[in-house]
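Letter 313 of the sequence shown, counting from 1, is numbered 334 in our numbering, and no numbers are missing.
A few of these clues could be false.
As the list claims (entries may be wrong) - Quick list of in silico lysine-lysine cross-link-like pairs, BS3-like style, CA-CA up to 27 angstroms:
no.: 1; residue 1: K289; residue 2: K257
no.: 2; residue 1: K287; residue 2: K193
no.: 3; residue 1: K289; residue 2: K309
no.: 4; residue 1: K258; residue 2: K118
no.: 5; residue 1: K212; residue 2: K257
no.: 6; residue 1: K309; residue 2: K257
no.: 7; residue 1: K212; residue 2: K289
No wet-lab data here; the hints were simulated from the structure. In this text, all values refer to a predicted model and were calculated from it rather than measured experimentally.
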Amino acid sequence: MQTATRRIQGCDGLSIHLIQWTPDDILAARGVIQLLHGQGEYAARYTHVAQVLTDNGFIVYAPDLRGHGETVFSPVPEAREEHCIPGHMADHDGWNKCLADFEILRELIRSEQPLLPLFLLGHSLGSLMAQDLLMENSSLWQGAVLLGSTGGPLALRHRAIDLVVQVQRMVKGARGAATWTDALVMQAFAKEIGMQQYRSEWLSHDPEVILAAEADPMMNFPASAQHWVDLGHALKKRVRPENIASIRSDIPIWIASGGNCPMGEKGKAVTALADSLRAAGLTDVSMKLYEGMNHELHNELCREEFLADLAGWFDAQAPR
Numbered sequence: 022m023q024t025a026t027r028r029i030q031g032c033d034g035l036s037i038h039l040i041q042w043t044p045d046d047i048l049a050a051r052g053v054i055q056l057l058h059g060q061g062e063y064a065a066r067y068t069h070v071a072q073v074l075t076d077n078g079f080i081v082y083a084p085d086l087r088g089h090g091e092t093v094f095s096p097v098p099e100a101r102e103e104h105c106i107p108g109h110m111a112d113h114d115g116w117n118k119c120l121a122d123f124e125i126l127r128e129l130i131r132s133e134q135p136l137l138p139l140f141l142l143g144h145s146l147g148s149l150m151a152q153d154l155l156m157e158n159s160s161l162w163q164g165a166v167l168l169g170s171t172g173g174p175l176a177l178r179h180r181a182i183d184l185v186v187q188v189q190r191m192v193k194g195a196r197g198a199a200t201w202t203d204a205l206v207m208q209a210f211a212k213e214i215g216m217q218q219y220r221s222e223w224l225s226h227d228p229e230v231i232l233a234a235e236a237d238p239m240m241n242f243p244a245s246a247q248h249w250v251d252l253g254h255a256l257k258k259r260v261r262p263e264n265i266a267s268i269r270s271d272i273p274i275w276i277a278s279g280g281n282c283p284m285g286e287k288g289k290a291v292t293a294l295a296d297s298l299r300a301a302g303l304t305d306v307s308m309k310l311y312e313g314m315n316h317e318l319h320n321e322l323c324r325e326e327f328l329a330d331l332a333g334w335f336d337a338q339a340p341r
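Modelling step: build the complete structure from the supplied sequences, incorporating the hints.
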């Protein structure tokens, strides 16, 4: 596998860190994957995932999202202040600016790889953004994988958090750390899965993964108050039937989640996601729950099984 990094310019001038993983035999490449990571992490954590995908003939492009990874922790000297705050996508409308960044990246990919089929792979927050991209124009993608996702009607706890989000934004301002929301979410996760000691326990059962996440300076920071406001708007958009129905009916989608993942409500919310897609007329939606596993399947005790399943799904979509 060949690894290259560079900077690309986002929709408002933000300098975005981008990783590209390429198979050693580029002539054998048979597809491209645009990978969207989750909240409070960064693209390089998917290097082992990219290794499996490139071994199977796929090129992977993975940006560090606004407010995340090298995009925010290693900003260019001329970066604006709003672009230098961990967990903060923008002072206003950061979610849609992030989607616009993805479109810029998609156009770059198409200019560099014009003939290969293009897929979406989103994890957690990235899976929600992937859903949004599909609702905007699913004809641009050959298929999509949604990992560690959620769906269905907004639960009562989401509505309660939304009230806190609005007050928090008024008190702390757009750039203020959303410590209230962070505490509420982690408290809910801890109660749901019985976390004992570390906040990263909800990610995996693997002690090495948990301790590495706890020690990682580019993880475990709260998002900004404005981020949660923007996310709240996006969650409401995601559940509207007319938006789900805008996704083309024949696009292949694979949903995978840990059976113990609190974001997926231990299977309930991801099952609701799959059901909502099928109810909207999508004909190629598949799902797998990994019994007893937490949020990050690619870093869980079942990682070998999951990565084999992931590679197998992509293999089926882009035959050799």
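Tested hints:
This hinted pair checks out: K289 and K257 have alpha carbons roughly 18 angstroms apart, not beyond 27 angstroms. This hinted pair does not check out: K287 and K193 have alpha carbons roughly 33 angstroms apart, beyond 27 angstroms. Restraint check: the Cα-Cα separation between K289 and K309 comes to about 12 angstroms, which is no more than 27 angstroms; the hinted pair holds. Of the supplied pair hints, the one linking K258 and K118 holds, its CA atoms being roughly 16 angstroms apart against a limit of 27 angstroms.
Restraint check: the Cα-Cα separation between K212 and K257 comes to about 25 angstroms, which is no more than 27 angstroms; the hinted pair holds. For the hint pairing K309 with K257, the CA-to-CA distance comes to about 25 angstroms; that is within 27 angstroms, so the pair holds. Between K212 and K289 the alpha-carbon distance is near 16 angstroms, which keeps this suggested pair within the 27 angstroms criterion.
When held up to the earlier numbered hints, the structure conflicts with hint 2 and nothing else.
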